[in-house]
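**Student:** Residue-level listing of the chains:
There are 2 protein chains.
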Amino acid sequence: MEGRRMGEGLYKMIRRFFSKNLQKYKQSCTQLLKLSKNEARNIIDPMETILCDADGVLWLYYGPVSDSPRIFNCLRERGKKCYICTNNSTRSREGLLKKALQYGFQINIQNILTSAHTLAHYLKDLEFLNTVYIIGKEGIAQELDAVNIKHTQTGPDILNCTLDEYIEHIRLESDVGAVVVGFDDHISFPKLMKALHYLEAGERCLFLATNTDETFSRTSVICPGSGVIVRSVEFGAKRTATIIGKPSTYLCSSLIKSGELRPETTLMIGDRGNIDILFGYNCGFHTMLVGSGIHGLDDVRKWRNSNDPELYKQVPDFYLPKFGDLMQILYH
Amino acid sequence: MEGRRMGEGLYKMIRRFFSKNLQKYKQSCTQLLKLSKNEARNIIDPMETILCDADGVLWLYYGPVSDSPRIFNCLRERGKKCYICTNNSTRSREGLLKKALQYGFQINIQNILTSAHTLAHYLKDLEFLNTVYIIGKEGIAQELDAVNIKHTQTGPDILNCTLDEYIEHIRLESDVGAVVVGFDDHISFPKLMKALHYLEAGERCLFLATNTDETFSRTSVICPGSGVIVRSVEFGAKRTATIIGKPSTYLCSSLIKSGELRPETTLMIGDRGNIDILFGYNCGFHTMLVGSGIHGLDDVRKWRNSNDPELYKQVPDFYLPKFGDLMQILYH
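Top to bottom, those sequences are chains A and B. If you read the first sequence in this note's numbering, its first letter stands for residue 1, the second for the next number, and so on. If you read the second sequence in this note's numbering, its first letter stands for residue 1, the second for the next number, and so on.
Just chain A, same shape as in the assembly (with noise of 0.2 angstroms):
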């Protein structure tokens, strides 16, 4: 007992002595490859958990960001914590498991974090017992099948009449107490009309949303992100949705209520300011932005001569052009 007790003191100190050291880079936006590799290492070596967004940071659509893995794996091996924590909603944990595995990072499924899985379970700690009314994919309704939540299906509903004739036919839930918006690729005007059905019962009726983001890149073409169908309903429902995703903090709540994260030793590596960087912000952790998805240095550059404090706050502590430089800061 007293030994432990001495352990914690020690603990504390150590903290303490770290958390001193990284308050100066603070919304620095401090470029790791311009410091010497005993500065960067100083900073990496107190963090005890990684937070890496996933889409523009661990892989892009076409296959994992270069030496991403590999550094994913050896942080891992070198005792600390890696979790991949992401807005996309469309793979359940188990598919993004599947995917992460496929890619080479070496990761379990408790450490994947995910919108549509922090979700499920928002709504299981509120006892929910009615339907859910999904705008959505598979992600968000194989997650709601795992803690036995109801739910209406997936996939297209299309306008393949006219819309009286829609109108006149239509197959509405009679219990549905919960709006779900997550990215829908088969978003149409008779999903928007029943979300905003049933979100005319008010209070009775939840409004949920995995996350905003604005778009997201392929090859030749811009593509809207769920953050668009998500603005498209609460405008028509004159209604603000909760976000589950980043950048509000559910994603990480529990995990810092059990101790088993803690903020000041917590590093959130992600691609996106208002997503999150603001997220990293929100829940006390360091962060870092990496240049290999949305926002770089100019973005950074426009946040921190912005007088808006919310913008600000998107300026991170830390940048790399990709996620795989860390590997030449640890391991060179």
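Since the hints were made in silico from the structure, they are not lab data. Mixed in with the good hints, there may be bad ones.
It does not matter which identical chain is used: a pair holds within one copy or between any two.
[Said to hold, decoys possible] Keeping only pairs whose Cα atoms sit at most 25 angstroms apart, straight-line, the calculated DMTMM-like set for lysine to aspartate or glutamate is:
| no. | residue 1 | residue 2 |
| --- | --- | --- |
| 1 | Lys24 | Glu200 |
| 2 | Lys322 | Glu165 |
| 3 | Lys238 | Glu214 |
| 4 | Lys238 | Asp185 |
| 5 | Lys238 | Glu310 |
| 6 | Lys98 | Glu165 |
| 7 | Lys99 | Glu200 |
| 8 | Lys34 | Asp45 |
It should be emphasised that the depicted structure is a prediction, and the values quoted were computed from it without experimental measurement.
On the provided structure of chain A, position chain B as indicated by the hints.
**Tutor:** Quick look at chain B alone, frame taken from chain A:
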């Protein structure tokens, strides 16, 4: 010449007299049915022009609002210039004329003002030579045809394969110079994706919308209005659309400029505060809310008690339960 000048002087005097008399009603939401018939007639008689919103005022989706055709025709017979002034872009002016005549409204095509028609002329006035990408229905396409402006097809554009397969074979026009968004019950992910793609061109691609009405009603459900689609494209494109329909003033600006329509003797009648009444306010018209559509006296109370000056602009000068109630004031 001398006589004409005298006549003009007399007209100005009369107009000034009536303007003063009506000034006291500005944003008072005076209920015409609570005034004496004489007082009410002194309000309506000086009006040279009556602008009527269509959906919710002249008709509902199943037919004309009772007495609306009768009072519309009576006002016209009394020598007033009566216009239909609608944000509905699903039909061309030709199509709306057919519907109005069928419902018993005596009207010429020149007296139909629509967002689609105004939008086509807005582009024509800019000497627009490129292709228009349409999210919307035939009404927009037909009005663009009428002024010889090229446009993409309307109707379904659905995802009938995986998103990656769709993107691989995506057909994009090379000379799109404007994205136009209106009501579209075939809204789909591919349409949103294409709109965002074209809008990426920045200033080289105009971004216009017919209107931003949030919703409209059918028997059993709430339907998403154009605004639901406009807001989603705006969010994804991080751009703001130029709204051609009400509450912008474009629908009447050329009539005001030509002197055909004098704001001080024009009454705008509508069922939406944030669309019709705000439009009237923006144009300097007298305004009347009717309770046969979206907004009612409870809403007016909220706007009046609001500290938001933008909401206060929606408070109308006059109120009637329905347009047809003018019959008992003027003709009984």
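**Student:** Tell me the numbers of any earlier hints that the structure contravenes, in ascending order.
**Tutor:** The structure breaks hints 1, 2, 7; every other hint is satisfied.
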